[in-house]
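Visitor: Read top to bottom, the protein sequences are chains W and C.
For the first sequence, UniProt numbering assigns the number 1 to the initial residue and increments by one for each residue that follows.
For the second sequence, UniProt numbering assigns the number 1 to the initial residue and increments by one for each residue that follows.
Check each hint, because a few of them may be wrong.
[Claimed, not checked] Derived DEER-like restraints, expressed as beta-carbon distance ranges:
{"no.": "1", "chain 1": "W", "residue 1": "554", "chain 2": "C", "residue 2": "67", "range": "29 to 37 Å"}
{"no.": "2", "chain 1": "C", "residue 1": "46", "chain 2": "W", "residue 2": "446", "range": "41 to 49 Å"}
{"no.": "3", "chain 1": "W", "residue 1": "646", "chain 2": "C", "residue 2": "85", "range": "23 to 31 Å"}
{"no.": "4", "chain 1": "C", "residue 1": "51", "chain 2": "W", "residue 2": "625", "range": "16 to 24 Å"}
{"no.": "5", "chain 1": "C", "residue 1": "85", "chain 2": "W", "residue 2": "625", "range": "53 to 61 Å"}
{"no.": "6", "chain 1": "C", "residue 1": "82", "chain 2": "W", "residue 2": "625", "range": "51 to 59 Å"}
{"no.": "7", "chain 1": "C", "residue 1": "51", "chain 2": "W", "residue 2": "334", "range": "49 to 57 Å"}
{"no.": "8", "chain 1": "C", "residue 1": "74", "chain 2": "W", "residue 2": "538", "range": "27 to 35 Å"}
{"no.": "9", "chain 1": "C", "residue 1": "46", "chain 2": "W", "residue 2": "242", "range": "36 to 44 Å"}
{"no.": "10", "chain 1": "C", "residue 1": "105", "chain 2": "W", "residue 2": "123", "range": "54 to 62 Å"}
{"no.": "11", "chain 1": "W", "residue 1": "123", "chain 2": "C", "residue 2": "67", "range": "53 to 61 Å"}
[Said to hold, decoys possible] Now the stretches of chain C that chain W is said to cover, found in silico as 3 or more residues with beta-carbon under 8 Å:
{"no.": "12", "segment": "57-63"}
{"no.": "13", "segment": "82-93"}
{"no.": "14", "segment": "104-113"}
[As the list claims (entries may be wrong)] Heads up, simulated SDA-like pairs for lysine to any residue below, C-alpha to C-alpha not over 20 Å straight-line:
{"no.": "15", "chain 1": "C", "residue 1": "105", "chain 2": "W", "residue 2": "168"}
{"no.": "16", "chain 1": "W", "residue 1": "428", "chain 2": "C", "residue 2": "100"}
{"no.": "17", "chain 1": "W", "residue 1": "361", "chain 2": "C", "residue 2": "96"}
{"no.": "18", "chain 1": "W", "residue 1": "142", "chain 2": "C", "residue 2": "109"}
{"no.": "19", "chain 1": "W", "residue 1": "293", "chain 2": "C", "residue 2": "32"}
{"no.": "20", "chain 1": "W", "residue 1": "428", "chain 2": "C", "residue 2": "96"}
{"no.": "21", "chain 1": "C", "residue 1": "116", "chain 2": "W", "residue 2": "197"}
In case anyone wonders, no lab produced these hints; they're calculated from the structure.
Each residue gets a CB set at the ideal place from its N, CA and C atoms; glycine is no exception.
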Amino acid sequence: MADPNPARTFADPEDPIIAATVPDHYTPLLDVDPPAGENSRRPLKGFLVILSGLVLVGLLMALISENGPSVSQDSQQNDLTLNAPAESTNISAQFLEPASRGPSTGVSEKSFRLHSGVRAPFPWSNTMLTWQRTGYHFQPEKNWMNDPNGPMFYGGWYHFFYQYNPDAAVWGNIVWGHAVSKDLIEWLHLPLAMVADQWYDTNGVWTGSATLLSDGQVIMLYTGATNESVQVQNLAYPADLSDPLLVDWVKYPGNPVLVPPPGIDDKDFRDPTTAWYWPDGKWRIAIGSKVNKTGISLVYNTEDFKKYELIEGVLHAVPGTGMWECVDLYPVSLKEDNGLDTSFNGPGVKHVLKASLDDDKNDYYAIGTYSLESGNWTPDNPNLDVGIGLRYDYGKFYASKTFYDQNKQRRILWGWIGETDGESADIKKGWASVQSIPRTVVFDKKTGTNILQWPVAEIKSLRKSSKKFDKLEVGPGSVVTLEVEKATQMDITAEFEIDKEALKRIGESDVEYSCRTSGGSAQRGELGPFGLLLLADEGRCEQTPVYFYVAKGTDGQLKTFFCTDESRSSLANDVDKRIFGSTVPVIKGEKLSMRILVDHSIIESFAQGGRTCITSRVYPTKAIYGAAQLYVFNNATSASITASIQTWAMKSAYIRPYSSHQES
Amino acid sequence: MRSSVFLLCVVGLSLTQIQFSSADLVKQTCRQTPNYDLCVQTLRSDPRSSHADVAGLAMVMVDMIKAKSIATLHRISELLGTAPHPKTKATLRRCAELYDNAVLKADIPSAMEALKTGNPKFAEQGANDAANEADSCERAFSGASPITSFNRSVSDLSRVASAIIRLLL
């Protein structure tokens, strides 16, 4: 719990950011201060007055509590008279969501399901549920998965670990799953790497990261939830470094190696990063936390990964962002296209700092400078600081983690993609969550303000029958069918040009567009929306548009928005149906381009080479299997567009348990 | 004599002060939920609430959801025993499945573990899911539900729990 001693603060009072954000002392949540000592100094008369006053107040409170709601257990009550859905009076107004034209809900994810109108349970058939399973995204055979853990390349294999519940399709009983791959696409499931068998991780073997040392050692640091539910950091390493599959793991007998420091709550201390080497000859790691509502990243140094020293101050802090989970810090080259080892620093390099915000379940990043002198990280643009600026992905994407792939000199990003359907459906289908296709991460030299994410090149090995649709003219308000082999498993690239005359004509808009609050692809503007309709059935009752929307902002500048509209993705009403997206910077002369990976219930979309990304989970009931089709559409009122599209049907990836008879 | 009366008042006052402090936390917390009265009444009915922090209050609420869900399952069993109309029977069975497999076997344990270990977003998910299951069950009867008060109870409690858990994020 919080340390109420004001003198003991870990924060550096000289640091202006900290001085502004970290309080001088930490107020425990439950402020119970028996005032006995103080009161004994008061005169008796005053005492009696206060006492009688309190008794009066006490009586009043007793009176008030009598009028609490009677949570009736009256089983005799016949509720046939109640035709309207009964709702607690304090819930905000419901609205019916017609299947054909859903307005964006615009509420934050946490409360979405509680406010989204009539939610008749959908009779999911086994056919529909089976279809939802992906063809080429990483997922275990069954049950619940969440955060990616300890990704690395070792012994000729890409290793991937993940938070896993071996018992159910919901979060709980968390242990480390493990899988290996030669190409990040085809995977072999291995036995669980670590289970909750020690007092220091008995309540959860949580997220962690790998550090590869130059002498060949593999260091795994991870968070354990102890028998008393304190979050601690533990060290583990492979039992046998000569086993390239790293099947067995050993936990350091001296665990835990780190416990919450003074001023940090027992439950706000998790997700240690990969370590980076520092000029003083020691290693550093970061761990996310919070102080009140300020998200922070603590830094520790260590020489042997067994003993640590908390470095004064914080790596960085941003007020109002809440708990920082899965912190990640890594260098990107400003000039080269390759990735950089996590320890790399110097000229021609910037550092990306990223945090997963517990508060809104999104991953935010910021580009900045990591000073070798001060040990602080500063954002290039404080207005786009961590948690208040750019996101890796504007859809469903959380707890992401990068690693340096020394095999191909790339920085690779993994992201946890949870379900957005009803949880009873997850239980029925027996699984929940997938991982994103691993993405390479590079600095966007053209804008200087973004990173670019792109599916790893190895994904192309799944491409088969290709089809090209060159320079298709799609007039305003039209939809064109694209005949493809298998609309449920596709890789698609598309380029769009808006007719120049319309671009010149466009007037200013006095209302700023936003994907989230718009009417989605049904809301027509002069220059959009236009894009592709994915997982659409023939009557287009179900469809998931991924589109661009170009408009002149209130400042007279042309702005391009990239959105995914789930509002008509399914006839079922017990799934999330939101409209996601963001603006995407478009450099002069660039055509509008998108790349989309369609894989059953997951759609990953990338605009302008990965400058803006949107991952979406959709659960159609009709547009499944052979009934799913692909269309290109233009719902603008005046502009024509020219589209050049290339599609590939995608083979399924071979993701299966490793057999002992397997030749490696 | 004076000093012992004095001492008595001090002790009495301290006790009421402590009582009010924890009652303050209950009030403070419940004010940030969609159903203040239900929240206060539920929390006050459990002795743990007087020494609990916000996470503890959330756990009390989750325990109440569990209790109401069990009560709902019992009521469903009773109703099934009265040879109801086939359509009602089928819906009752579906509800039993929701409450048993989803709420009691998945949502509640997940939420409790998350609250205990300090990963509140999963507790929020569990509470939201429980509300959805209860609502789903109620909707499935298309207005002719024989267990409306039970479903409402679980639903309302879950929404209150979700709001309390939100405070932990």
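Visitor: Please go over all the hints and tell whether each is borne out by the structure.
Guide: Verification of the supplied hints:
In this structure the supplied range 29 to 37 Å is violated for residue 554 of chain W paired with residue 67 of chain C, their Cβ-Cβ distance being about 54 Å. Evaluation of the 41 to 49 Å hint for residue 46 of chain C and residue 446 of chain W yields a failure: the beta carbon distance comes to about 59 Å. Checked against the hint of 23 to 31 Å, the C-beta distance between residue 646 of chain W and residue 85 of chain C comes to roughly 57 Å, which is inconsistent with it. Checked against the given bound of 16 to 24 Å, the beta carbons of residue 51 of chain C and residue 625 of chain W, roughly 56 Å apart, lie outside it.
For residue 85 of chain C and residue 625 of chain W, the Cβ-Cβ distance of about 36 Å falls outside the hinted range of 53 to 61 Å, so the restraint is violated. The hinted window of 51 to 59 Å between residue 82 of chain C and residue 625 of chain W is violated, with their beta carbons roughly 42 Å apart. A C-beta distance of roughly 56 Å is found between residue 51 of chain C and residue 334 of chain W, which places it inside the suggested range of 49 to 57 Å. Roughly 48 Å separates the CB atoms of residue 74 of chain C and residue 538 of chain W, a value that falls outside the hinted 27 to 35 Å.
Separation of residue 46 of chain C from residue 242 of chain W is about 56 Å and departs from the stated range, judged on CB atoms against 36 to 44 Å. Under the hint 54 to 62 Å, the C-beta atoms of residue 105 of chain C and residue 123 of chain W, about 21 Å apart, miss the expected range. With their beta carbons about 30 Å apart, residue 123 of chain W and residue 67 of chain C fall outside the hinted range of 53 to 61 Å. For the segment 57-63 of chain C, the proposed coverage by chain W is not satisfied: 0 residues have a C-beta within less than 8 Å of a C-beta in that chain, short of the threshold of three.
Beta-carbon proximity to chain W at under 8 Å applies to 0 residues in the segment 82-93 of chain C; the threshold of 3 is not reached and the given coverage is violated. Note: the segment 104-113 of chain C has 6 residues with beta-carbon separation from chain W under 8 Å; the three-residue rule is met and the coverage holds. Restraint check: the Cα-Cα separation between residue 105 of chain C and residue 168 of chain W comes to about 9 Å, which is no more than 20 Å; the hinted pair holds. A C-alpha spacing of about 13 Å is found between residue 428 of chain W and residue 100 of chain C, which places the hinted pair at or below 20 Å, so the restraint holds.
Distance hint between residue 361 of chain W and residue 96 of chain C is unfulfilled; the C-alpha atoms sit about 32 Å from each other, more than 20 Å. A threshold of 20 Å between alpha carbons decides the hint, and for residue 142 of chain W with residue 109 of chain C the separation of about 19 Å falls inside it, so the pair holds. Note on residue 293 of chain W and residue 32 of chain C: the hinted pairing holds, with a Cα-Cα distance of about 17 Å set against a maximum of 20 Å. For the hint pairing residue 428 of chain W with residue 96 of chain C, the CA-to-CA distance comes to about 14 Å; that is within 20 Å, so the pair holds.
A hinted pair counts as satisfied when its Cα atoms are at most 20 Å apart, and residue 116 of chain C with residue 197 of chain W qualifies at roughly 18 Å.
Hint violations for this structure: numbers 1, 2, 3, 4, 5, 6, 8, 9, 10, 11, 12, 13, 17, all remaining hints satisfied.
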